[in-house]
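A.B. asks: Here the protein sequences line up with chains A and B, keeping their order. Quick note on numbering: the first sequence equals residues 1 to 217 in the UniProt record's numbering. Quick note on numbering: the second sequence equals residues 1 to 217 in the UniProt record's numbering.
Some hints here could point you the wrong way.
[Unchecked claim] Under the rule of at most 25 Å between Cα atoms (straight-line distance), these lysine to any residue pairs were calculated in the SDA-like manner:
#	chain 1	residue 1	chain 2	residue 2
1	B	Lys62	A	Ala204
2	B	Lys177	A	Ile162
3	B	Lys177	A	Ala136
4	A	Lys62	B	Pro91
5	B	Lys62	B	Ser50
6	A	Lys177	A	Gln63
7	B	Lys177	A	Arg24
8	B	Lys62	B	Pro91
9	A	Lys62	A	Ala128
10	A	Lys62	A	Ala94
11	B	Lys177	A	Ala96
12	B	Lys177	B	Leu53
13	A	Lys177	B	Ala138
14	B	Lys177	A	Ala74
15	B	Lys177	A	Arg135
16	B	Lys62	A	Gln63
17	A	Lys62	A	Ala74
18	B	Lys62	B	Arg24
19	A	Lys177	B	Gln21
20	A	Lys177	B	Lys62
21	B	Lys177	A	Gly151
22	A	Lys177	B	Ile162
23	B	Lys62	A	Ala47
24	A	Lys177	A	Ile162
25	B	Lys177	A	Arg202
26	B	Lys177	B	Gln63
27	A	Lys177	B	Ala128
28	A	Lys177	A	Lys62
29	A	Lys177	A	Pro152
30	A	Lys62	B	Gln63
31	B	Lys177	A	Ala94
32	A	Lys62	A	Val15
33	B	Lys177	A	Ala204
34	A	Lys177	B	Gln205
35	B	Lys177	B	Val130
36	A	Lys177	B	Pro150
37	B	Lys177	B	Gln205
38	B	Lys62	B	Val15
It is worth saying that the hints were derived from the structure and are not from the lab.
2 protein chains.
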Amino acid sequence: MTPQAPTRAYRRLTVEERRSQLLRAALSLFAHRAPEDVSLDDVAEAAGVSRPLVYRYFPGGKQQLYEAALRSAADDLRHCFDEPREGPLLPRLARALDRYLAFVDEHDAGFSALLQGGSVVETSRTSAIVDGVRRAAAEHILSHLGVDRPGPRLRMTVRMWITAVEAASLIWLDEGKQPPAEELRDWLVEQFVAVLTVTARRDAQTEAIVRRVAEQG
Amino acid sequence: MTPQAPTRAYRRLTVEERRSQLLRAALSLFAHRAPEDVSLDDVAEAAGVSRPLVYRYFPGGKQQLYEAALRSAADDLRHCFDEPREGPLLPRLARALDRYLAFVDEHDAGFSALLQGGSVVETSRTSAIVDGVRRAAAEHILSHLGVDRPGPRLRMTVRMWITAVEAASLIWLDEGKQPPAEELRDWLVEQFVAVLTVTARRDAQTEAIVRRVAEQG
Numbered sequence: 001m002t003p004q005a006p007t008r009a010y011r012r013l014t015v016e017e018r019r020s021q022l023l024r025a026a027l028s029l030f031a032h033r034a035p036e037d038v039s040l041d042d043v044a045e046a047a048g049v050s051r052p053l054v055y056r057y058f059p060g061g062k063q064q065l066y067e068a069a070l071r072s073a074a075d076d077l078r079h080c081f082d083e084p085r086e087g088p089l090l091p092r093l094a095r096a097l098d099r100y101l102a103f104v105d106e107h108d109a110g111f112s113a114l115l116q117g118g119s120v121v122e123t124s125r126t127s128a129i130v131d132g133v134r135r136a137a138a139e140h141i142l143s144h145l146g147v148d149r150p151g152p153r154l155r156m157t158v159r160m161w162i163t164a165v166e167a168a169s170l171i172w173l174d175e176g177k178q179p180p181a182e183e184l185r186d187w188l189v190e191q192f193v194a195v196l197t198v199t200a201r202r203d204a205q206t207e208a209i210v211r212r213v214a215e216q217g
Numbered sequence: 001m002t003p004q005a006p007t008r009a010y011r012r013l014t015v016e017e018r019r020s021q022l023l024r025a026a027l028s029l030f031a032h033r034a035p036e037d038v039s040l041d042d043v044a045e046a047a048g049v050s051r052p053l054v055y056r057y058f059p060g061g062k063q064q065l066y067e068a069a070l071r072s073a074a075d076d077l078r079h080c081f082d083e084p085r086e087g088p089l090l091p092r093l094a095r096a097l098d099r100y101l102a103f104v105d106e107h108d109a110g111f112s113a114l115l116q117g118g119s120v121v122e123t124s125r126t127s128a129i130v131d132g133v134r135r136a137a138a139e140h141i142l143s144h145l146g147v148d149r150p151g152p153r154l155r156m157t158v159r160m161w162i163t164a165v166e167a168a169s170l171i172w173l174d175e176g177k178q179p180p181a182e183e184l185r186d187w188l189v190e191q192f193v194a195v196l197t198v199t200a201r202r203d204a205q206t207e208a209i210v211r212r213v214a215e216q217g
């Protein structure tokens, strides 16, 4: 309607914007290819920029690009866990899982590649990034459960459930995203309650939580 | 009593015996050090043999040694799952878990190192060995459950539980093997029943299994 409207398509991006653009391009490539098969040249092509530009941002090459992409994905994942400490516990967990599954859905095969590490590019640094996300997830859940000093049985239960959720999302991607995300989310929430209930039989702290959840209906 | 009795201490080992001896020595080293920190020289020293001998058995160096040790541990792990198809289901699962936890206990930190891979030595081949053990565990369980064609929900539930068991054993090692193995075993069996019960609400095949388990008391 207004062909003369000023276009911003060619304005210079800031360093941060450019970096995000390149990481987004890299993440979209990881969604279809193993990390070690994604070269800086591929990223340049996908982002529609020159090769020297990509090399300037990632002088450390493939490994640096992969780590930066992993860090950026890890940050996004952590945001999935942001949930106000208000209202009944299970709907909070369900909302966080909705965001998590949307993330998995969006990044698709790239999610598997990022979380499992590639055969060439996995290092203790990348494992530490992934473990950091797992730890953050556990801390979020324990804090929502409102326990100051979680005992070993409760902590172990939460960490086992998180690993099971991770396994579920990888299987879910493998199986063409079946069952639908909403069903998977409800199923995972119910499993959480079920394993907590088992732990409650041998742990008073967990028992108090299960009672509270039951009262919230 | 009979100092003249013929001693076999110095008889020549067969190739297979020697190989097992070296792998046992390597596995005992992995129990206390990361795979990439175990050299062939260390193995020679631990086994009390000459360096050239170790190099003859593992000309591919560290990586070959690690893979051979992983394969040998994977074979041992698979044996944990051998359980006659007789009697009620849960005691069968409990016995397999007893053997599995004894394996984890024996190999200790080496179990973590082997299953998680080292930062240097992990390759797609080693991941495939570990995944093979997970798959074997899932197949064993499904076959004990007596289902010919397990549906996706049942399969996902079993695979999630296996991942959770793996996580539990790593945490268990981290936490000085607490709770005691027998308690952990019972807890894991109860979790298995609990997650199956959740799945049974949305899957007729799983519901039939849960009913059968309940009838067996």
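A.B. asks: Each hint needs a verdict: does it hold in this structure or not?
C.D. replies: Do the hints match the structure? See the list:
1. Lys62(B) / Ala204(A): Roughly 48 Å separates the two Cα atoms, so the pair is violated.
2. Lys177(B) / Ile162(A): Between lysine 177(B) and isoleucine 162(A) the Cα gap is close to 20 Å, so the pair holds against 25 Å.
3. Lys177(B) / Ala136(A): Holds - the C-alpha atoms of alanine 136(A) and lysine 177(B) are around 24 Å apart, at most 25 Å.
4. Lys62(A) / Pro91(B): The hint is violated at about 50 Å.
5. Lys62(B) / Ser50(B): Judged against 25 Å, a Cα distance of about 16 Å means the pair holds.
6. Lys177(A) / Gln63(A): violated, 30 Å
7. Lys177(B) / Arg24(A): The hint is violated at about 43 Å.
8. Lys62(B) / Pro91(B): violated, 40 Å
9. Lys62(A) / Ala128(A): With a Cα-Cα distance of about 18 Å, the restraint between lysine 62(A) and alanine 128(A) holds, given a limit of 25 Å.
10. Lys62(A) / Ala94(A): violated, 36 Å
11. Lys177(B) / Ala96(A): This hinted pair is violated, its Cα atoms lying about 32 Å apart.
12. Lys177(B) / Leu53(B): violated, 37 Å
13. Lys177(A) / Ala138(B): holds, 20 Å
14. Lys177(B) / Ala74(A): violated, 30 Å
15. Lys177(B) / Arg135(A): holds, 20 Å
16. Lys62(B) / Gln63(A): Holds, at about 23 Å.
17. Lys62(A) / Ala74(A): Holds, at roughly 18 Å.
18. Lys62(B) / Arg24(B): This hinted pair holds, its Cα atoms lying about 15 Å apart.
19. Lys177(A) / Gln21(B): Roughly 47 Å separates the two Cα atoms, so the pair is violated.
20. Lys177(A) / Lys62(B): violated, 40 Å
21. Lys177(B) / Gly151(A): holds, 15 Å
22. Lys177(A) / Ile162(B): holds, 20 Å
23. Lys62(B) / Ala47(A): With a Cα-Cα distance of about 40 Å, the restraint between lysine 62(B) and alanine 47(A) is violated, given a limit of 25 Å.
24. Lys177(A) / Ile162(A): holds, 19 Å
25. Lys177(B) / Arg202(A): Holds: lysine 177(B) and arginine 202(A) sit about 17 Å apart, inside 25 Å.
26. Lys177(B) / Gln63(B): violated, 30 Å
27. Lys177(A) / Ala128(B): holds, 23 Å
28. Lys177(A) / Lys62(A): Violated, at about 30 Å.
29. Lys177(A) / Pro152(A): violated, 34 Å
30. Lys62(A) / Gln63(B): This hinted pair holds, its Cα atoms lying about 23 Å apart.
31. Lys177(B) / Ala94(A): violated, 33 Å
32. Lys62(A) / Val15(A): holds, 19 Å
33. Lys177(B) / Ala204(A): holds, 21 Å
34. Lys177(A) / Gln205(B): Since the Cα atoms of lysine 177(A) and glutamine 205(B) sit roughly 20 Å apart, the hinted pair holds (cutoff 25 Å).
35. Lys177(B) / Val130(B): Given that 25 Å is the threshold and the Cα spacing comes to 22 Å, the pair holds.
36. Lys177(A) / Pro150(B): holds, 18 Å
37. Lys177(B) / Gln205(B): violated, 36 Å
38. Lys62(B) / Val15(B): Answer holds: lysine 62(B) to valine 15(B) is near 19 Å, not above 25 Å.
Consistency note: the structure conflicts with the earlier hints numbered 1, 4, 6, 7, 8, 10, 11, 12, 14, 19, 20, 23, 26, 28, 29, 31 and 37.
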